[in-house]
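Novice: The residues making up each chain are set out below.
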Amino acid sequence: MTKPKIATDWLAGCSGCHMSLLDIDERIVQLAELADIRATPVTDLKEPDESGVDVGILEGAVNLTTNEEVAHRMRRRCKILVALGDCAVFGGVLTMRNFHKLEDALRRAYVEAESVDGDGKIPSSPELGRPTRVRALDEVVDVDVYIPGCPPDPDVIFYALSELLQGRIPELKDEKLHWH
Amino acid sequence: MVSLTIDGRQLEVPEGITVLEAAKLAGIEIPTLCYHPRLTPYGGCRLCVVEVERMRTLQPSCTLPVSNGMVVYTNTPKVREARKFILTLLFSERNHYCMYCQMSGGDCELQNAAYGEGMTHWPLPPNWNPYPIDASHKYFVLDHNRCIICRRCVRACGELVGNFTLGVRERGADVMIMADLDVPLGESTCISCGTCVQVCPTGALIDRMSAYRGREKDVQRIKSTCVGCSVGCGIELIVRDNHLLRIEGDWDAPVNGGLLCELGRFRPLYEDRERIVTPLVRMNGRLKAATWEEALHRIAAQLKPLVGRNGDGIAALASTRLPAEALYLFKQLFAEKLGSEMVTSIEEGLPTAVPGAIAQAAGRPLEGGLEALQSTDCVVVIGADLTENHQVAGFFVKRALPNGIRLIVIDPHENGLQRLAHYALRPKKGTDLELLLGILAGVIRLGLAKGEVSSAYDLDRHTPEAASQITGVPIDQILAVSQTIATAQKPVFVYGKGIIGDGSPQALKALLELARLVGALDEERSTVVSTKGQANSLAAYLYGLDRTFEVNGHQAVYLALGDDTPSQRLIQRLQGAPFIAVQASYVSPVTAMADVVLPVTTWVEQEGHYLNLDGRLQKARRGLQPPAEVRSNVEVLEAIAANLEMTLNCSWKEALRARVPIVAIRE
Ligand code: SF4
Ligand code: SF4
Ligand code: SF4
Ligand code: SF4
Ligand code: FES
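Going down the list, the protein sequences come from chains A and B. Taking our numbering, the leading residue of the first sequence gets 47, the next gets one more, and so forth. Taking our numbering, the leading residue of the second sequence gets 41, the next gets one more, and so forth.
Isolated chain B (complex conformation):
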């Protein structure tokens, strides 16, 4: 602890924090602009200056570490005068005519700071040189006229996202935020994660969709969970009058710490599929609007004779974007009550069945959490492209690179992380297993293995040389990777569908053996993480919804599609099914084939739980009211059961314990 005095108050604060943070702990407000709690302090704007006894000049409190006996004043005439002067200069630098700015009226930190200092006018006339406006980006606009060069966007893009798209050019009055080597944002390496927009304190970076549609005081903020993928990032829904204006990352969320990817932040706002707003029933070959009673009755009439009929009765498929509550009802209804064997999920257990079986056999979870990426020195990514899917996990990898971590990417395909990798191994397709065995053999040969290799592996046969032959990866690369992984302090393995997609467990087993031999996996802990797939992949697995979907003479097919998009493969497999019923939010080729369509809520109109890739059980909250005739996925399944005179229990949470989880569940 350090003791210091701020504004006459004696304080005891933790060592290593800044004067600004100490003041905050004591409830003393110091105005700031370039400071952001999630970014490294930069000390650029000087608005946060304070007077410190025995220091000659005013000091920026955001970069000044506390020290014993320090005596600080945050509100002396000298400090206030300095703040006013700093603000005066900022306003004179560019165009801050607030009346035509989207942020004016409470949302702009610069304007608020001026109000805080009681500025009724600008002591210096503004700069009349117009600065450019970069409107080339599809989701946001960069208006240099409003920019105060606080560099929050630059730091966020680099430190948090690891993308390093933004930088600063020139000096003095000509400084400008720029993308890459000064190209328009829309043509830059920007990956549209929107973090820069979320941290910008002024009207310089403005989101196109929500601009001028409501200020902070007009909107509601609802904390929820992104269902774009299994990372399960914490989000805030910004809603006004039942319109979703914007999605922001929740800074307090443990999974993502405020970050989102394009899929989570922007895409849902540009949803353009046609909504289904009333039940539809096929009559004389055409889908016609119907009442809920008619539609449910039609389904019940079709399903009833098929109850308990094995083999060719009912086939049922659910989206892994549905909440756990709905998935559990679905499984109960079709597998237990209706006695169908063909009850599975849209992902067919592809990302989970193989690791699931291994965990089941071992009797314990195999995987660890994403937080391992925060303190690693070596990451191996295999069979997953983290720049395409599960992107926030990819940000964690990318942003750790400047700390000197080693990145190894193993993928036969083009992979966005390859260009950043120290070793980008591209084995021939289908040779992941051999490559992993070669690396494993390399670790043994170098004498770096932490433990004995399992007798299942014949290392006389699986040599690095043999692996090189089969995979086409040069031998020196294989050995270098063995060396790198084995000498790392805290290696982390991130794997994806790529190494289990063929349904064979051998490659994953080899990966786990390798992880064990380099100390990334033992009885207590694991720094192996798999990306899974969609938002509720893991829950679907735990409910046993993981078999391959086949329609083999089934008399009826029921699809709980929710707001998911059906794949071509699914559409093909449904050809020729005698009766199809679908609960779905949007019109799709599948709803066009159906005999009965039940309109359901989208992700943002329903409540429910999701089990993310590292076992966190998280809640998604409702942000919008659904259209009048639309029901939630849970309500629809309950209604179908009721029409069949069946009752379902709602112990979805307990049911998650039916299988050994791939990764321990955390609540």
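Here chain A stands alone, though its shape is the one from the complex:
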């Protein structure tokens, strides 16, 4: 029997959710036994197989046009899409930006910030994409499973992934359910 394939990627986040995923420690070996871990931002292969994976996991909010592309690509290539962490689930701490004009936020960050020494410039490389309003993942693509938390607890991540890899939809409640 072939093991289910799993791929992860990140959007606009702090990578904390991936760190929390790595925090499951030696249990990663158990996961590796259950699943074929294909692509992640922290391994060599960065993109999920074109032929598709069973479980796709996304961290981070949608904050740039390039994030949208990554989100759509993952959605196309996975059967079950997991929003991992508060940014993917709710928009997260990044949403503070939505309370300001985009130009003001960019100017504050790249030109006026105390750590910028006088000649700051707002980055404009096409590779970066265009900034957008910050959105939760499900405002852009359909999400099947939500794992909230900032970051989610490693135990919760482990529980959710083992359920998924054994063909069940995890049910987060009681002590497993925290939004932050």
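Calculated from the structure, these hints are not laboratory results. Certain hints may be false.
Cut-off 20 Å, straight-line C-alpha distance, at most; resulting in silico cross-link-like pairs (EDC-like, lysine to aspartate or glutamate) [said to hold, decoys possible]: (1) A:Lys-219 <-> B:Glu-121; (2) A:Lys-219 <-> B:Glu-69; (3) B:Lys-257 <-> A:Asp-220; (4) A:Lys-222 <-> B:Glu-157; (5) B:Lys-178 <-> B:Glu-302; (6) B:Lys-468 <-> B:Glu-505; (7) B:Lys-124 <-> A:Glu-217; (8) A:Lys-219 <-> B:Glu-157; (9) B:Lys-659 <-> B:Glu-590; (10) A:Lys-167 <-> A:Glu-149; (11) B:Lys-530 <-> B:Glu-505; (12) B:Lys-118 <-> B:Glu-93; (13) B:Lys-344 <-> B:Glu-678; (14) B:Lys-64 <-> B:Asp-214; (15) B:Lys-118 <-> B:Glu-55; (16) B:Lys-257 <-> A:Asp-199; (17) B:Lys-468 <-> B:Glu-454; (18) B:Lys-537 <-> B:Glu-553; (19) A:Lys-222 <-> B:Asp-147; (20) A:Lys-92 <-> A:Glu-173; (21) B:Lys-659 <-> B:Glu-288; (22) B:Lys-124 <-> A:Asp-220; (23) B:Lys-549 <-> B:Asp-498; (24) B:Lys-263 <-> B:Asp-214; (25) B:Lys-257 <-> B:Glu-288; (26) A:Lys-222 <-> A:Asp-190; (27) B:Lys-178 <-> B:Asp-220; (28) A:Lys-219 <-> B:Asp-147; (29) B:Lys-263 <-> B:Glu-288; (30) B:Lys-124 <-> A:Asp-190; (31) B:Lys-257 <-> A:Glu-221; (32) B:Lys-469 <-> B:Glu-454; (33) B:Lys-659 <-> B:Glu-685; (34) B:Lys-549 <-> B:Asp-562; (35) A:Lys-49 <-> A:Glu-79.
Position chain B with the ligands against the provided structure of chain A, taking the given hints into account.
Specialist: For chain B with the ligands alone, coordinates are given in the frame of chain A:
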């Protein structure tokens, strides 16, 4: 009894309760948000909906009265779906990004409700319009972004506090909690009682001092008693790592039912007096840090030669904020063991000596309890400003006003209750007695007296007209007040120092006579209440600490000041005293004058009992550990006695029975 079925369980419950309360009695949890056990159900949030057989729509259980044969389901798919939908809408209305909210992580009823329904995400995107944050209030912040318009704050401010500062403006998505006619809270009529903050279920009303300093699961809650005044409100000390984060009203406390005033809730957290942390002894004209042995020895050496010396020996004064245990030791040590005559309290019996003497003469208590304010139809407040001091008693009066009670305020001075009073009488200063006699004469003239007037009063001379002449209060007002009081079913009289402050009992006697004639005072019961003064005014009186303090050639003065603030008058009277020893928590002009200073615990660092204004004997518990060198007021008095080779007994409770109490003691 009513019988109904909830979730298949047959229940017998008292009539008149709601389905929510019935479920609670049976241990069945129904989630709620706008409901609060101390507030009138409002049925606004709909989270508590249940399915009821033969009712077409889901019903809010918090407003639905139980009825016979009702069949209720609290947990059907339809109910759960409705709850989720209600929560979904609430989250979509404003900003509930919990990760930057002080309440997140167990303390927010909205978040907990969402967890309870297993919500892993928000089915609808949130509203991105930022709402304002009102940070104008000195003690708390109102963040409209977190507000769910449950109106608990509005109801608490009106129903419980009677202040009616908070309201709601606009409709639909624009609804906002507002203060007065939409002014910033800090500029509003808010009296900073903090009740709204205590009832808010979300992070919308946040206390500045304790915000982000610990969640419910990190803190300890200690039930205690406020020593801010003689009302003696029940409090909960919220403590973390020996820091006092917050003070809340104890909902279960019989005196205050959860309410506190600014003085009890917020002021102690902003204490900024300089603490005394080590004994101090004057050497070569300057106060120097010393050991306890040195300090106690110095006091003993000064006091010993003065034992039993009448007239010019030792004068001793104690704060009425000290616990009864300490007051009793103080009185024993100085009056009985050291034989001094000048042993009294900082209040000098001002609020208690006059009613005390009357009770003593009558051989029974004169006064009743504050609970009379819960079922009255007419309140007379005289010589007390309940918006300044004893404020929670004032809340009881204010919140009864919408029930149609009549309020009569008699005060020559500006008084915060005057604007709410039906009759605000302002007699000329020093004419309270004449006014009371005029009202009394009015009651007789109107033929409404319940009984004969005492022969002590010559009503040919004290007519309403004469009273009007002397007091400057219009005659029609005097007669209207006579009529109002005399026709009330359950009149209550609340009096304060104002009518006894000159030490003359005549005005109080007239008040008691008036109360008797309108049925507020007889052998069995009394609905006359006096405000007393500080937390242990009454206990100090019962221990006989009630004479006027004078330093007349006394060789030594001992002050058990505790954490009290000395008055200017006291400071002046101490001028020229040859030797002064003080036990105190904070630096003050008095400690600066002293020859020996002993550091003692503050109210929150010690245990002890307080006798409140209506005779309840209540315990104040320790919330914080004192600094290392600081001792309790009791320990210090015991140590002084030990240094003088004297032993003190600790029968403080029995000693409270030495005098006839002004109001019956309840334990
Ligand atoms: S009020 Fe409650 S639900 Fe709203 S942000 Fe704060 S913790 Fe979250
Ligand atoms: S401020 Fe708090 S108590 Fe008042 S309506 Fe809003 S959520 Fe309810
Ligand atoms: S602090 Fe008290 S008076 Fe002020 S708004 Fe809140 S409940 Fe009303
Ligand atoms: S009324 Fe008195 S006892 Fe009650 S909270 Fe205020 S100061 Fe404390
Ligand atoms: S709790 Fe019943 S409607 Fe809000």
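Novice: The structure should be examined with respect to each hint, and the outcome stated for every one.
Specialist: Okay, the hints, checked on the actual structure:
1. A:Lys-219 <-> B:Glu-121: Between A:Lys-219 and B:Glu-121 the Cα gap is close to 16 Å, so the pair holds against 20 Å.
2. A:Lys-219 <-> B:Glu-69: holds (17 Å)
3. B:Lys-257 <-> A:Asp-220: holds (16 Å)
4. A:Lys-222 <-> B:Glu-157: Holds, at about 13 Å.
5. B:Lys-178 <-> B:Glu-302: holds (11 Å)
6. B:Lys-468 <-> B:Glu-505: With a Cα-Cα distance of about 15 Å, the restraint between B:Lys-468 and B:Glu-505 holds, given a limit of 20 Å.
7. B:Lys-124 <-> A:Glu-217: Roughly 16 Å separates the two Cα atoms, so the pair holds.
8. A:Lys-219 <-> B:Glu-157: Distance of about 8 Å is within 20 Å: holds.
9. B:Lys-659 <-> B:Glu-590: violated (32 Å)
10. A:Lys-167 <-> A:Glu-149: Cα-Cα ~12 Å, so holds.
11. B:Lys-530 <-> B:Glu-505: violated (27 Å)
12. B:Lys-118 <-> B:Glu-93: Holds - the C-alpha atoms of B:Glu-93 and B:Lys-118 are around 13 Å apart, at most 20 Å.
13. B:Lys-344 <-> B:Glu-678: holds (15 Å)
14. B:Lys-64 <-> B:Asp-214: Distance ~34 Å between B:Lys-64 and B:Asp-214 Cα, so the pair is violated.
15. B:Lys-118 <-> B:Glu-55: violated (28 Å)
16. B:Lys-257 <-> A:Asp-199: holds (19 Å)
17. B:Lys-468 <-> B:Glu-454: Distance ~12 Å between B:Lys-468 and B:Glu-454 Cα, so the pair holds.
18. B:Lys-537 <-> B:Glu-553: holds (18 Å)
19. A:Lys-222 <-> B:Asp-147: holds (17 Å)
20. A:Lys-92 <-> A:Glu-173: Holds, at about 16 Å.
21. B:Lys-659 <-> B:Glu-288: Given pair B:Lys-659, B:Glu-288 holds - Cα atoms ~16 Å apart, limit 20 Å.
22. B:Lys-124 <-> A:Asp-220: holds (16 Å)
23. B:Lys-549 <-> B:Asp-498: holds (14 Å)
24. B:Lys-263 <-> B:Asp-214: violated (40 Å)
25. B:Lys-257 <-> B:Glu-288: holds (16 Å)
26. A:Lys-222 <-> A:Asp-190: holds (18 Å)
27. B:Lys-178 <-> B:Asp-220: holds (17 Å)
28. A:Lys-219 <-> B:Asp-147: Holds, at roughly 17 Å.
29. B:Lys-263 <-> B:Glu-288: Distance of about 9 Å is within 20 Å: holds.
30. B:Lys-124 <-> A:Asp-190: holds (18 Å)
31. B:Lys-257 <-> A:Glu-221: holds (14 Å)
32. B:Lys-469 <-> B:Glu-454: This hinted pair holds, its Cα atoms lying about 12 Å apart.
33. B:Lys-659 <-> B:Glu-685: With Cα atoms ~30 Å apart, B:Lys-659 and B:Glu-685 exceed 20 Å; violated.
34. B:Lys-549 <-> B:Asp-562: holds (14 Å)
35. A:Lys-49 <-> A:Glu-79: holds (8 Å)
The structure fails to meet hints 9, 11, 14, 15, 24 and 33 from the earlier list, while all remaining hints are met.
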